[in-house]
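Using the sequences and the hints given, assemble the complete structure.
Chains as they are written, first to last, in this note's numbering: chain A, 1 to 306; chain B, 1 to 306.
Treat the hints with care, as some may be off.
As the list claims (entries may be wrong) - Simulated crosslink set (SDA-like; lysine to any residue; CA at most 25 Å straight-line): (1) A:Lys221 with B:Lys132; (2) B:Lys144 with A:Asp193; (3) B:Lys176 with A:Glu73; (4) A:Lys253 with A:Tyr197; (5) B:Lys221 with A:Leu219; (6) B:Lys187 with A:Lys187; (7) B:Lys184 with A:Asp98; (8) A:Lys221 with B:Asp168; (9) B:Lys187 with A:Gly47; (10) A:Lys187 with B:Met44; (11) B:Lys187 with A:Gln217; (12) A:Lys213 with B:Asn102; (13) B:Lys144 with B:Phe25; (14) B:Lys176 with A:Glu101; (15) B:Lys239 with B:Ala208.
Claimed, not checked - Anything over 12 Å on all C-beta distances counts as not near chain B; from chain A, calculated: (16) Arg15; (17) Leu21; (18) Lys35; (19) Thr303.
Keep in mind that the hints were calculated from the coordinates and are not lab data. Beta carbons: idealized from backbone N, C-alpha and C, even for Gly.
Protein chains: 2
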Amino acid sequence: MIGIQEIGSYIPSNRISNYDLKDKFEMDDNFIENKIGVQRVSRMLDGEDTSVMCVKAFNNLEQKIDIEKGEIECLILITQNPDSNIPHTSAVLHGLLDLPENCACFDVSLGCSGFVYGLSIIESFMQRNGMKKGLLFTSDPYSKIIDPEDKNTQILFGDGATVSLITDTPVYISGKYNFGTVGKEFKNLICTDNSLYMNGRGIFNFAARYVPKDIKQLLEKNELLIDDIDKFVFHQGSKYIIDTLIKRIGLEKEKVPFDIQDYGNTVSSSIPLIIEKEIKSNTNKMVAIGFGVGLSWASTILTKIN
Amino acid sequence: MIGIQEIGSYIPSNRISNYDLKDKFEMDDNFIENKIGVQRVSRMLDGEDTSVMCVKAFNNLEQKIDIEKGEIECLILITQNPDSNIPHTSAVLHGLLDLPENCACFDVSLGCSGFVYGLSIIESFMQRNGMKKGLLFTSDPYSKIIDPEDKNTQILFGDGATVSLITDTPVYISGKYNFGTVGKEFKNLICTDNSLYMNGRGIFNFAARYVPKDIKQLLEKNELLIDDIDKFVFHQGSKYIIDTLIKRIGLEKEKVPFDIQDYGNTVSSSIPLIIEKEIKSNTNKMVAIGFGVGLSWASTILTKIN
Numbered sequence: 001m002i003g004i005q006e007i008g009s010y011i012p013s014n015r016i017s018n019y020d021l022k023d024k025f026e027m028d029d030n031f032i033e034n035k036i037g038v039q040r041v042s043r044m045l046d047g048e049d050t051s052v053m054c055v056k057a058f059n060n061l062e063q064k065i066d067i068e069k070g071e072i073e074c075l076i077l078i079t080q081n082p083d084s085n086i087p088h089t090s091a092v093l094h095g096l097l098d099l100p101e102n103c104a105c106f107d108v109s110l111g112c113s114g115f116v117y118g119l120s121i122i123e124s125f126m127q128r129n130g131m132k133k134g135l136l137f138t139s140d141p142y143s144k145i146i147d148p149e150d151k152n153t154q155i156l157f158g159d160g161a162t163v164s165l166i167t168d169t170p171v172y173i174s175g176k177y178n179f180g181t182v183g184k185e186f187k188n189l190i191c192t193d194n195s196l197y198m199n200g201r202g203i204f205n206f207a208a209r210y211v212p213k214d215i216k217q218l219l220e221k222n223e224l225l226i227d228d229i230d231k232f233v234f235h236q237g238s239k240y241i242i243d244t245l246i247k248r249i250g251l252e253k254e255k256v257p258f259d260i261q262d263y264g265n266t267v268s269s270s271i272p273l274i275i276e277k278e279i280k281s282n283t284n285k286m287v288a289i290g291f292g293v294g295l296s297w298a299s300t301i302l303t304k305i306n
Numbered sequence: 001m002i003g004i005q006e007i008g009s010y011i012p013s014n015r016i017s018n019y020d021l022k023d024k025f026e027m028d029d030n031f032i033e034n035k036i037g038v039q040r041v042s043r044m045l046d047g048e049d050t051s052v053m054c055v056k057a058f059n060n061l062e063q064k065i066d067i068e069k070g071e072i073e074c075l076i077l078i079t080q081n082p083d084s085n086i087p088h089t090s091a092v093l094h095g096l097l098d099l100p101e102n103c104a105c106f107d108v109s110l111g112c113s114g115f116v117y118g119l120s121i122i123e124s125f126m127q128r129n130g131m132k133k134g135l136l137f138t139s140d141p142y143s144k145i146i147d148p149e150d151k152n153t154q155i156l157f158g159d160g161a162t163v164s165l166i167t168d169t170p171v172y173i174s175g176k177y178n179f180g181t182v183g184k185e186f187k188n189l190i191c192t193d194n195s196l197y198m199n200g201r202g203i204f205n206f207a208a209r210y211v212p213k214d215i216k217q218l219l220e221k222n223e224l225l226i227d228d229i230d231k232f233v234f235h236q237g238s239k240y241i242i243d244t245l246i247k248r249i250g251l252e253k254e255k256v257p258f259d260i261q262d263y264g265n266t267v268s269s270s271i272p273l274i275i276e277k278e279i280k281s282n283t284n285k286m287v288a289i290g291f292g293v294g295l296s297w298a299s300t301i302l303t304k305i306n
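And the structure:
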């Protein structure tokens, strides 16, 4: 059985405070604290890039658990902002981490649904190919494509990276997955000429419409009831979307973590940043669901077995 | 058992003849015909992009086999030249092809090793998630990043796309896979500032060193002898690399297809373009091996079961 054994992360120390932008973007404390729920956004330091943030997340992982690099057979990076389009950044990372030559490496291009998708991709790939130790990275620095004058995105997205150690001695294992795509609505979140555009209202409507329906299906597929779930780990889009989902699905607020006040929406890193804190917890069953770019979503159940 | 049932393809009709560039690039007929083995390179037509080439490959597939679009549960696109970095081009394609909402879509960033990697990724992902029908696309138009003044790349790479229909009623199924990465050598094939750079000699040395070794390992892993293999489908890098591999491994020339004279090296599409012609053949066992960007490689055995 392949699953998540440990998670390491890295969030750059560099921050921009949204309180400093109140006049510029005509917003008040209530908007910052209760609507978007992001007080400061993290930004990469000089000299950092997608791969470098991954190396720093890996260093953090190594502080938590001994890793024999020679045993790593697989490395997958979820990103839509790689160091460059050629080569895949996972290959650059392979070199930086000095991993063995028989290590399979590839990038997967997905946004906010990327971690949950990536978990299914790495688990199934490792299982089919008889692999026992792999690394699933997320690193999608939107600061590379954000126009600082664009309120919609500048005050929301933060840079960060995570790495999940995927092994045959896991702490959390996944159940059945649900995946979905509404490709016809892709224009709500796009990058053109190296500049990000987000139709916040479009993304909000998409999430509010599809996520409750998906969770119902997911629970049925896994033969679980909503009360069997200890935590609902949503992609940390904004406080407003999380609060809306809590209301629409009828969840207990304490079962739904929201924890991005200090760094922002880190795209595919937002879910593993929450799960990281659960590795040593007693949380038995979690729903994890990512949604956004594509538009797309992916969900699964994580069960503690160790 | 999940495998390849059919393959469709698209190569743009637009061509540049290398014979017209003989003076400019100081090359003779022997170089064109026997060294690189590419007489003309294909180039996308006005209005085409990565996704549009995929749609045209899909149209070709539909001419060969009836496809119930509502049954497609998974769409993976191998590319390092997507329409844009956000969203993943597979989502755009999902919309263009009018696929169902429960269809999982993602892009995988890999170059010349991408088709073989992608085959393992889609097979394992579909199997783990109980899916029966999927589409594996390759579309990596290097013309988007080639400097027409750069002889190394301008005369070699052609645009094209393929789509493999992956189902539980396959014609070819894969055996065990081998994967490898030498991330420290990634600088031999990179794209910076939207411009491709290739150290042809570096890539050649890499392939000549790693491919023979990998094929030996692959055959052992699959408990096969070299004489059990009817065809060796190498990534179609250039005539010179294919001829070198034939010599170094000691293969019969007629077992090794080379067929890119009329369109060039189409990156991850080069292998499925060869396999496409084998679907209706009596070829029982093939080695498929891709190698390049990363630097990386991937190989497997394809066995006809239908």
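Verification of the supplied hints:
1. The hinted pair formed by Lys221 (chain A) and Lys132 (chain B) meets the criterion: a straight-line CA distance of about 17 Å does not exceed 25 Å.
2. Using a Cα cut-off of 25 Å, the hinted pair Lys144 (chain B) and Asp193 (chain A) holds, with the two alpha carbons roughly 14 Å apart.
3. A C-alpha spacing of about 15 Å is found between Lys176 (chain B) and Glu73 (chain A), which places the hinted pair at or below 25 Å, so the restraint holds.
4. Under the criterion of a C-alpha separation no larger than 25 Å, the hint pairing Lys253 (chain A) with Tyr197 (chain A) is inconsistent with the structure, at around 31 Å.
5. A hinted pair counts as satisfied when its Cα atoms are at most 25 Å apart, and Lys221 (chain B) with Leu219 (chain A) does not qualify at roughly 40 Å.
6. For a cut-off of 25 Å, the pair hint linking Lys187 (chain B) to Lys187 (chain A) is broken: about 34 Å separates their Cα positions.
7. Restraint check for Lys184 (chain B) and Asp98 (chain A): satisfied, since their Cα atoms lie roughly 8 Å apart, inside the 25 Å limit.
8. For the hint linking Lys221 (chain A) to Asp168 (chain B), the alpha-carbon distance of about 22 Å falls within 25 Å, and the restraint holds.
9. Under the criterion of a C-alpha separation no larger than 25 Å, the hint pairing Lys187 (chain B) with Gly47 (chain A) is consistent with the structure, at around 18 Å.
10. Restraint check for Lys187 (chain A) and Met44 (chain B): satisfied, since their Cα atoms lie roughly 24 Å apart, inside the 25 Å limit.
11. Distance restraint check for Lys187 (chain B) and Gln217 (chain A): the Cα-Cα separation of roughly 46 Å exceeds the 25 Å cut-off, and the hinted pair is therefore not satisfied.
12. About 12 Å separates the Cα atoms of Lys213 (chain A) and Asn102 (chain B), which keeps this hinted pair within 25 Å; it holds.
13. About 21 Å separates the Cα atoms of Lys144 (chain B) and Phe25 (chain B), which keeps this hinted pair within 25 Å; it holds.
14. Between Lys176 (chain B) and Glu101 (chain A) the CA atoms are separated by roughly 18 Å; this keeps the pair inside 25 Å, and the hint holds.
15. Among the hinted pairs, Lys239 (chain B) with Ala208 (chain B) is consistent with the structure: their alpha-carbon atoms are about 13 Å apart, no more than 25 Å.
16. No Cβ of chain B approaches the Cβ of Arg15 (chain A) within 12 Å, the least distance being about 24 Å, so the stated non-interface status holds.
17. For Leu21 (chain A), the shortest C-beta to C-beta distance to chain B comes to about 24 Å, beyond the 12 Å cut-off, and the non-interface label holds.
18. No beta-carbon of chain B is positioned within 12 Å of the beta-carbon of Lys35 (chain A); the least distance is around 24 Å.
19. Look at Thr303 (chain A): its CB is around 16 Å from the nearest CB on chain B, clear of 12 Å, so calling it non-interface holds up.
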